[in-house]
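Chemist: The chain contents come next:
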Amino acid sequence: MTPAKQVIADAIPGSKKQDPILRVDGLRREFGGLVAVDIAHLEVQRGAITALIGPNGAGKTTAFNLMSGFDTPTNGTSEFDGVDITGVQGHELAQRGMVRTFQLTRVLTRLTVLENMMLGAVGQIGEKPWTSPFRFLWTKQEDEIRERSEALLKRFKLDHVAGEYAGNISGGQRKLLEMARALMVEPRLVMLDEPMAGVNPALKQSLLGHVKNLQSEGMSVLFIEHDMDMVHEIADWVVVMAEGRLIAEGTPDQISSNRAVVDAYLGEHQGTSFLEDA
Amino acid sequence: MNWELIFSNAVYVAFSSSAAAYALIAIGINVHIGYTGLLNFGQAGFAAAGAYGMAIPLATFGWHWTAAIGSSIFFAILLALLLGAPTLRLRSDYLAIVTIAAAEIIRISMMSVRFTWLTGGTDGKKGFADFLVDSNPFGDNRYQFFAQSVNGYSLYITIIGWILVAIFGSLVYFMMRGPWGRVLRGIREDETAVRSLGKSVTKFKMQSLVLGGVIGAVGGIILASEKQSAQPMEYGTTLTFFAFTIVILGGLATARGPIIGAVIFWFILQFVDNVLEQATRNEVVPTWVVNGNNFGQVKFILAGFALALLVVFRPQGIYGNKREMSFDSR
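Residue numbers (numbering that gives the first Met the number 0), protein chains in the order written: chain R, 0 to 277; chain B, 0 to 329.
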């Protein structure tokens with residue numbers, strides 16, 4: 000077990016981090032009259048595991064979509080690793096090292112597990128229609144990609160199903176495959192949308208281990224989670240959203256004693272918005 | 000009943016230039032629907048773009064045949080870009096609607112009286128096949144295939160057609176085997192996932208639409224060359240649906256599927272046609288079942304039934320993988 004890295008920052012929403020890998024400003028998404036996300040400022044610390052929590056409908060996934068370029072914000076700017084990425088599309092962000100997974104796993108069912116992995120590598124020479132038919136152009140790179148895929152599959156204990164169609168493997172294995180496949184992109188920031196949802200306790204532990212591994216390999220992790228125990232176990236820093244806004248930030252311990260968070264989850268102030276008395 | 004003629008004619012048609020043209024059109028549609036999951040219901044439009052794109056410059060403007068074939072491919076690419084640009088970012092149903100409409104627009108425009116000088120109207124565009132007639136090495140001779148006689152020109156186009164099928168069939172096979180084909184198959188399964196892995200999905204879909212469209216256009220060229228006439232009625236929705244049937248028959252997303260599918264499809268259609276024709280002529284079946292006037296319709300009923308049986312008992316097609324059918328693609 001690697002000791003959790005310290006995130007030295009103030010425990011207030013939108014606080015400055017020492018070395019942010021991701022920074023968003025005035026991020027806002029409206030669906031008609033509804034404001035789904037309205038984040039004034041958020042910084043995600045490099046090298047840390049940051050959890051994004053909040054009650055259902057808080058706008059976590061929408062915020063995720065906005066940050067990863069899968070949805071266009073109504074307003075707002077964002078910066079990844081010091082470079083402005085406002086308006087950059089999702090696939091381009093992935094190429095630049097910001098990869099995401101999905102709440103409902105998205106494996107490519109009629110491709111084999113190995114093909115799912117190999118597809119994930121970026122900068123493939125053979126991905127042009129005019130290079131694809133000529134094997135000699137890309138065979139060397141393909142071998143390297145295959146080796147890397149097989150190594151990752153081994154690490155995620157999927158090597159025995161490498162030749163199976165991804166549609167034939169179990170739900171838990173799909174979760175693992177999706178995470179492993181994301182690593183083929185060689186990301187610097189991994190964004191996981193509820194990686195532990197709907198998996199059994201044993202697999203949860205294994206997924207936890209994999210997430211921690213990402214950190215020890217130098218990647219930054221931002222993940223959405225519901226289970227506070229999980230958050231306590233692996234997160235260095237927690238960001239809490241409710242009603243589309245950030246309501247709290249801090250270490251897991253600070254968050255579990257935060258009144259606004261408890262209110263948001265338990266609905267103590269029923270019928271009134273907790274933002275009003277903040 | 001002349002069974003030798005029935006069989007030799009059905010086999011001839013199964014390997015005729017029409018079958019080769021349909022095989023090409025089906026190879027194109029297989030790139031779209033089979034490998035990429037693009038719902039293109041307007042493949043006939045691409046075939047028409049190919050046929051008229053060659054016929055008009057040759058017959059009306061006196062271009063060299065190489066330039067005319069270039070024009071044919073140019074129009075197929077242009078059509079793919081026009082159809083793809085507004086629709087490929089949207090859900091797949093939109094492409095289906097736009098393609099079927101575009102194909103009909105092309106066909107009806109070609110029939111337009113106002114442009115008869117250019118398109119040949121309902122009679123079709125003729126007078127472009129001189130370069131083929133002149134280069135035909137078989138001359139006007141007739142060749143005998145069992146009870147079926149074949150003229151030299153048809154034989155020539157048939158050979159060209161199947162050579163093109165071999166070229167484009169293997170091109171698609173090799174392209175799909177490489178990393179590019181892997182991305183297309185990934186898009187077919189879940190384009191959002193592929194996007195999250197850093198692929199520009201829209202670009203790949205456009206490339207697929209262009210490739211399949213161009214192959215469809217080549218099919219259209221063969222279709223027009225055989226008859227030495229580009230006939231607007233030939234490029235109706237029936238052509239698209241025949242091509243779909245061929246692909247499903249042979250096996251979606253298989254390289255050999257559309258080729259063997261075209262052969263089987265045309266064999267069944269022609270075999271049923273011949274049997275009915277002979278049966279009515281020799282009064283083997285009572286006329287209240289089928290007579291000389293309605294056997295054309297009855298042919299399609301029976302052929303449709305036979306094809307339906309094939310699909311029921313072999314849903315994955317001839318070369319398809321049954322395991323792929325066993326789970327939902329979502």
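These aren't lab readings, by the way, just hints derived from the structure by calculation. All of these numbers come straight from a predicted model, not from anything done at the bench. Hints should not be assumed to be uniformly reliable.
Said to hold, decoys possible - Residues on chain B that point at chain R, a partial pick, calculated with CB under 10 Å:
id	residue
1	T65
2	Y172
3	M174
4	S195
5	G197
6	R313
7	I317
8	N320
Built from N, CA and C at the ideal position, the CB exists for glycine as well.
Chemist: Compare the structure with each hint and give your call.
Modeler: Hint check results:
no., hint, verdict
1, T65, "violated, 21 Å"
2, Y172, "holds, 8 Å"
3, M174, "holds, 5 Å"
4, S195, "holds, 6 Å"
5, G197, "holds, 3 Å"
6, R313, "violated, 18 Å"
7, I317, "violated, 18 Å"
8, N320, "holds, 9 Å"
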